[in-house]
Amino acid sequence: MSAAVAIREGYGRALAEYGAVDAKVVVLDADTASSTFSCYFAERFPDRFFNVGIAEPCMVDMAVGFALGGKVPFVNAFAALLSLRALEQVRTCVCYARANVKLVGGFAGVSDFKDGPTHHSITDLAIMRALPGMTVIVPADATEAARWVPIVAALDGPVFMRVSRGSALPAGNEGLPLEVGRGLVLRAGRDVTLVATGTMVGRCLKAADELRKMGAEARVLEIHTLKPIDADLICRAAEETGALVSAEEHSVVGGLGGAVAEVLSEGYPAPLERVGIADRFTHTGPSPEALMDAFGLSVESIVAAARRAMGRKRGGR
Amino acid sequence: MAGATSFHPESLLAELAEHARALRLESLAMIHRRGAGHPGGSLSAAEIVAALYFHKLRIDPARPDWPERDRFVLSKGHAAAVLYAALARRGFFPREDLERWGAVDCHLGGHPDRTKTPGVDMTAGFLGHGLPVGVGMALAARMQGQAYRIYVLLGDGECQGGVLWEAAMAAAKYQLSTVTAIVDYNDVQLDGAVHEIMPLEPLVEKWHAFNWHVLEVNGHNLRQVLEALDTACEIHGRPTVIIAHTTKGKGVSFMENRAYWHGGVPNEAQMKQAEAELRGKP
Numbered sequence: 001m002s003a004a005v006a007i008r009e010g011y012g013r014a015l016a017e018y019g020a021v022d023a024k025v026v027v028l029d030a031d032t033a034s035s036t037f038s039c040y041f042a043e044r045f046p047d048r049f050f051n052v053g054i055a056e057p058c059m060v061d062m063a064v065g066f067a068l069g070g071k072v073p074f075v076n077a078f079a080a081l082l083s084l085r086a087l088e089q090v091r092t093c094v095c096y097a098r099a100n101v102k103l104v105g106g107f108a109g110v111s112d113f114k115d116g117p118t119h120h121s122i123t124d125l126a127i128m129r130a131l132p133g134m135t136v137i138v139p140a141d142a143t144e145a146a147r148w149v150p151i152v153a154a155l156d157g158p159v160f161m162r163v164s165r166g167s168a169l170p171a172g173n174e175g176l177p178l179e180v181g182r183g184l185v186l187r188a189g190r191d192v193t194l195v196a197t198g199t200m201v202g203r204c205l206k207a208a209d210e211l212r213k214m215g216a217e218a219r220v221l222e223i224h225t226l227k228p229i230d231a232d233l234i235c236r237a238a239e240e241t242g243a244l245v246s247a248e249e250h251s252v253v254g255g256l257g258g259a260v261a262e263v264l265s266e267g268y269p270a271p272l273e274r275v276g277i278a279d280r281f282t283h284t285g286p287s288p289e290a291l292m293d294a295f296g297l298s299v300e301s302i303v304a305a306a307r308r309a310m311g312r313k314r315g316g317r
Numbered sequence: 001m002a003g004a005t006s007f008h009p010e011s012l013l014a015e016l017a018e019h020a021r022a023l024r025l026e027s028l029a030m031i032h033r034r035g036a037g038h039p040g041g042s043l044s045a046a047e048i049v050a051a052l053y054f055h056k057l058r059i060d061p062a063r064p065d066w067p068e069r070d071r072f073v074l075s076k077g078h079a080a081a082v083l084y085a086a087l088a089r090r091g092f093f094p095r096e097d098l099e100r101w102g103a104v105d106c107h108l109g110g111h112p113d114r115t116k117t118p119g120v121d122m123t124a125g126f127l128g129h130g131l132p133v134g135v136g137m138a139l140a141a142r143m144q145g146q147a148y149r150i151y152v153l154l155g156d157g158e159c160q161g162g163v164l165w166e167a168a169m170a171a172a173k174y175q176l177s178t179v180t181a182i183v184d185y186n187d188v189q190l191d192g193a194v195h196e197i198m199p200l201e202p203l204v205e206k207w208h209a210f211n212w213h214v215l216e217v218n219g220h221n222l223r224q225v226l227e228a229l230d231t232a233c234e235i236h237g238r239p240t241v242i243i244a245h246t247t248k249g250k251g252v253s254f255m256e257n258r259a260y261w262h263g264g265v266p267n268e269a270q271m272k273q274a275e276a277e278l279r280g281k282p
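Those protein sequences? They're chains A and B, same order as listed.
Quick note on this note's numbering: the first sequence kicks off at 1 and runs consecutively.
Quick note on this note's numbering: the second sequence kicks off at 1 and runs consecutively.
Hints were generated in silico from the structure; no laboratory data involved.
One or more of the hints may lead you astray.
Stated by the list, open to error - Away from chain A, derived, C-beta distances all over 10 Å, residues of chain B:
hint, residue
1, Arg114
2, Asp191
3, Leu200
4, Met271
Claimed, not checked - Calculated lysine to any residue pairs in the SDA-like style (CA-CA distance at most 25 Å, straight line):
hint, chain 1, residue 1, chain 2, residue 2
5, B, Lys173, A, Pro46
6, A, Lys313, A, Arg190
7, B, Lys116, A, Gly157
8, A, Lys24, B, Arg63
9, B, Lys173, A, Phe49
10, B, Lys173, A, Ile54
11, B, Lys116, A, Cys95
12, A, Lys24, B, Arg69
13, A, Lys24, A, Asn51
14, B, Lys173, A, Gly70
15, A, Lys313, A, Glu217
16, B, Lys116, B, Ala62
17, A, Lys24, A, Tyr96
18, A, Lys213, A, Gly296
19, B, Lys173, A, Ala23
20, B, Lys206, B, Asp187
21, B, Lys173, A, Phe45
22, B, Lys206, A, Ile54
23, B, Lys116, A, Gly296
24, B, Lys173, A, Glu43
25, A, Lys24, B, Glu68
26, B, Lys173, B, Arg238
27, A, Lys114, A, Asp293
28, A, Lys213, A, Tyr96
29, A, Lys24, B, Thr115
30, A, Lys313, A, Glu266
31, B, Lys173, A, Arg44
32, B, Lys116, A, Asp156
33, A, Lys213, A, Arg307
34, A, Lys24, A, Ala4
35, B, Lys206, A, Gly53
36, B, Lys173, A, Asp31
37, A, Lys206, A, Gly157
38, A, Lys24, B, Gln144
39, A, Lys24, A, Arg98
40, B, Lys116, A, Arg236
Every value quoted in this text rests on a predicted model; they were computed, and no experiment measured them.
Just so you know, even glycine gets a beta-carbon here, dropped at the ideal spot from N, CA and C.
Just need the whole structure built from these sequences, with the hints factored in.
Structure, rendered in C-alpha cells:
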C-alpha cells in the first residue's frame with residue numbers, strides 16, 4: 001500500500017477483507033459510511049452492515065447488544081462524536097459492562113480540515129484513555145491501519161482505534177511486528193527521543209533527519225497503543241537518551257504527552273517537551289498539513305522541541 | 001387492551017400475585033436494610049417482573065449464560081431491588097446475598113451489573129440504554145437463527161430522553177418482533193409527576209408513529225399483563241410495546257403516587273406499616 005493512501009482507505013479496505021475471514025464481524029455506521037469507508041464492508045456484506053442513521057449513542061448501545069449476542073461489532077463514526085456524544089454509552093455499556101465492541105473514530109485530529117473545530121477531534125485520546133478497560137490504538141499510516149484490523153478484532157474487549165481522514169508521511173514500520181501495548185523503535189539514537197503516535201510518526205522521522213544534520217542522533221519511538229502504554233520502552237529511552245519529545249495530532253492535555261509525562265514522572269523522571277495542539281480550539285484550514293503546521297505540529301516545531309529538551313538535560317549540553 | 005389470545009387459570013394468577021407480593025416485601029426489606037434504593041419504581045413493577053420471571057421468561061437459573069435463554073433488560077436500573085429479589089427467588093443466587101446488597105464485596109450493586117450478578121443480562125444505571133442494547137441483541141439473535149426473545153423494562157421518565165427513540169426507530173426499521181418493550185407508566189419521577197415535568201402524552205400515538213405494535217394494560221392486573229406478553233409473541237414484522245399503567249409505590253398507602261418514595265428509604269415504623277399493608281392484602 002502506498003504511503004499516500006488515506007488512513008481511512010487502508011482501514012476500510014482491510015475491514016471489508018477481514019469480513020470474509022471472520023463471519024462474527026458486523027459493522028455499524030451512523031450515516032457516515034461513505035466517509036469512514038465502512039461502505040466497502042457494506043458493499044461486500046450487506047447483511048452484516050447496519051446503518052442506524054445519525055444516532056451515535058444508539059449505535060454504540062446496539063453494538064453492545066451485538067457483542068452480548070456473540071458478534072464482533074465494529075462501530076464507525078467521527079471520532080469527535082464517538083468520544084463526546086456517545087461517551088456515556090461507551091463508558092457505561094462498552095467499558096463498564098465489558099462488551100467486546102470495537103470503536104473506530106474516523107476523521108480524527110484535524111484531518112477533517114475543511115469542516116472546522118466542531119468536526120475536529122483533539123480530545124478523543126484523553127477521553128478514551130481515561131476509561132477503565134479501554135484499549136486505545138492509533139495507527140500511523142494506511143498500511144498500519146490495515147494491519148490492525150485483524151488484531152483488534154481478535155482482542156477480547158473494548159477497543160478505540162483512531163483513524164485519520166487523509167494520508168500521513170510513511171512510518172516505514174511494515175517489517176516490524178504489531179502487538180498491542182508494545183511500542184516500536186523506528187530509529188536508533190542516543191541524544192534525544194522522539195515519542196510519536198499516529199500521523200506524527202512520519203513527521204518525527206523527518207525531524208530526526210533534520211536533527212542528524214545538526215549533529216544530534218534522535219531515537220524515534222512509535223507508541224501506537226496509548227493504552228496500555230509501553231512504559232518500559234519509554235523509561236529505557238529516558239535513561240539512555242536523557243531527554244524526550246512527545247508528538248501527537250491531539251491536545252497536549254491528556255493524550256500521548258500526558259501519558260508519557262505520567263510514565264516518566266513515576267518511572268524515570270527526565271525532561272519532556274510536548275508537541276501537540278495547545279489547550280485551545282482549532283479553526284478551519286485549507287489542508288490537514290497546513291492546520292497541523294499552524295497548530296505547532298510541523299517538523300520544525302518537533303526539531304525545536306527536541307533542542308529545548310536536550311538543553312534541559314541534567315548538566316546541560 | 002391485549003387480545004384474549006391466551007388462557008391463564010386463576011391458580012396461575014394467584015400464584016403470580018403471591019410472587020409479586022413477596023417481591024414487594026423483599027424489595028422494601030432490602031432498601032430498609034441497606035438504607036438506600038428506589039422503592040417506588042420497584043413496587044410499581046412487581047407484577048410485571050413476577051409475570052416475566054415466574055411464568056414468561058425461558059430461563060434456567062442453573063445456566064445463567066444459556067445462549068438460548070430469553071433476555072430481560074431492566075433499563076430502569078434503579079429498580080434493582082425488585083430484579084435482585086426476583087433473581088434470588090428464582091434461584092439464580094442464594095437469598096442471603098440480598099442481605100448484603102451494597103456491601104463492597106457483594107455482587108449486588110446499586111444498579112444491575114451483568115459482569116457481577118448471575119442472571120443479569122445487561123448492566124444498567126443511567127437511563128436510555130436498555131432498548132438500543134436490546135435492539136442489538138435481537139439483531140444478533142436473528143443472524144444466528146436463535147429464537148430467544150428480548151424484554152426491556154422502561155421507566156416512563158426514561159421516555160423523556162432521546163436515545164430511546166433512536167432505538168425505537170431502529171427496532172421498527174429492522175422489524176424486530178422478538179423485542180417487547182414494557183413501559184412502567186407510574187407517572188411519577190424523581191422531581192414530581194411525569195405529566196408535569198415533561199409530559200409523554202400522547203404516548204400510545206408516539207409508539208404507533210414509530211411503527212410499533214402498541215398494547216395498553218393495567219400493569220397491576222396480572223391477567224392483562226400475561227395476555228399482553230402472549231399477544232406480543234404473536235405479532236410479526238414489528239416490535240411490540242406494552243404500556244403498563246401502574247402506581248408508583250403500589251401496595252403501600254403512604255408511598256403510592258408520591259415522588260418522595262422514588263428514592264426514599266422507609267424507617268422502622270414505616271417498614272412495619274408497609275409490611276402490614278402488604279401482608280394484609282390477598
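Each hint tested on the structure:
| no. | hint | verdict |
| --- | --- | --- |
| 1 | Arg114 | violated, 6 Å |
| 2 | Asp191 | holds, 20 Å |
| 3 | Leu200 | holds, 19 Å |
| 4 | Met271 | holds, 32 Å |
| 5 | B/Lys173 <-> A/Pro46 | holds, 15 Å |
| 6 | A/Lys313 <-> A/Arg190 | holds, 13 Å |
| 7 | B/Lys116 <-> A/Gly157 | holds, 16 Å |
| 8 | A/Lys24 <-> B/Arg63 | holds, 24 Å |
| 9 | B/Lys173 <-> A/Phe49 | holds, 14 Å |
| 10 | B/Lys173 <-> A/Ile54 | holds, 14 Å |
| 11 | B/Lys116 <-> A/Cys95 | holds, 14 Å |
| 12 | A/Lys24 <-> B/Arg69 | holds, 20 Å |
| 13 | A/Lys24 <-> A/Asn51 | holds, 17 Å |
| 14 | B/Lys173 <-> A/Gly70 | holds, 22 Å |
| 15 | A/Lys313 <-> A/Glu217 | holds, 15 Å |
| 16 | B/Lys116 <-> B/Ala62 | holds, 16 Å |
| 17 | A/Lys24 <-> A/Tyr96 | holds, 22 Å |
| 18 | A/Lys213 <-> A/Gly296 | holds, 21 Å |
| 19 | B/Lys173 <-> A/Ala23 | holds, 23 Å |
| 20 | B/Lys206 <-> B/Asp187 | holds, 16 Å |
| 21 | B/Lys173 <-> A/Phe45 | holds, 18 Å |
| 22 | B/Lys206 <-> A/Ile54 | holds, 20 Å |
| 23 | B/Lys116 <-> A/Gly296 | violated, 47 Å |
| 24 | B/Lys173 <-> A/Glu43 | holds, 19 Å |
| 25 | A/Lys24 <-> B/Glu68 | holds, 17 Å |
| 26 | B/Lys173 <-> B/Arg238 | holds, 8 Å |
| 27 | A/Lys114 <-> A/Asp293 | holds, 15 Å |
| 28 | A/Lys213 <-> A/Tyr96 | violated, 50 Å |
| 29 | A/Lys24 <-> B/Thr115 | holds, 22 Å |
| 30 | A/Lys313 <-> A/Glu266 | holds, 18 Å |
| 31 | B/Lys173 <-> A/Arg44 | holds, 21 Å |
| 32 | B/Lys116 <-> A/Asp156 | holds, 18 Å |
| 33 | A/Lys213 <-> A/Arg307 | holds, 13 Å |
| 34 | A/Lys24 <-> A/Ala4 | violated, 31 Å |
| 35 | B/Lys206 <-> A/Gly53 | holds, 19 Å |
| 36 | B/Lys173 <-> A/Asp31 | holds, 15 Å |
| 37 | A/Lys206 <-> A/Gly157 | violated, 35 Å |
| 38 | A/Lys24 <-> B/Gln144 | holds, 10 Å |
| 39 | A/Lys24 <-> A/Arg98 | holds, 18 Å |
| 40 | B/Lys116 <-> A/Arg236 | violated, 39 Å |
The structure fails to meet hints 1, 23, 28, 34, 37, 40 from the earlier list, while all remaining hints are met.
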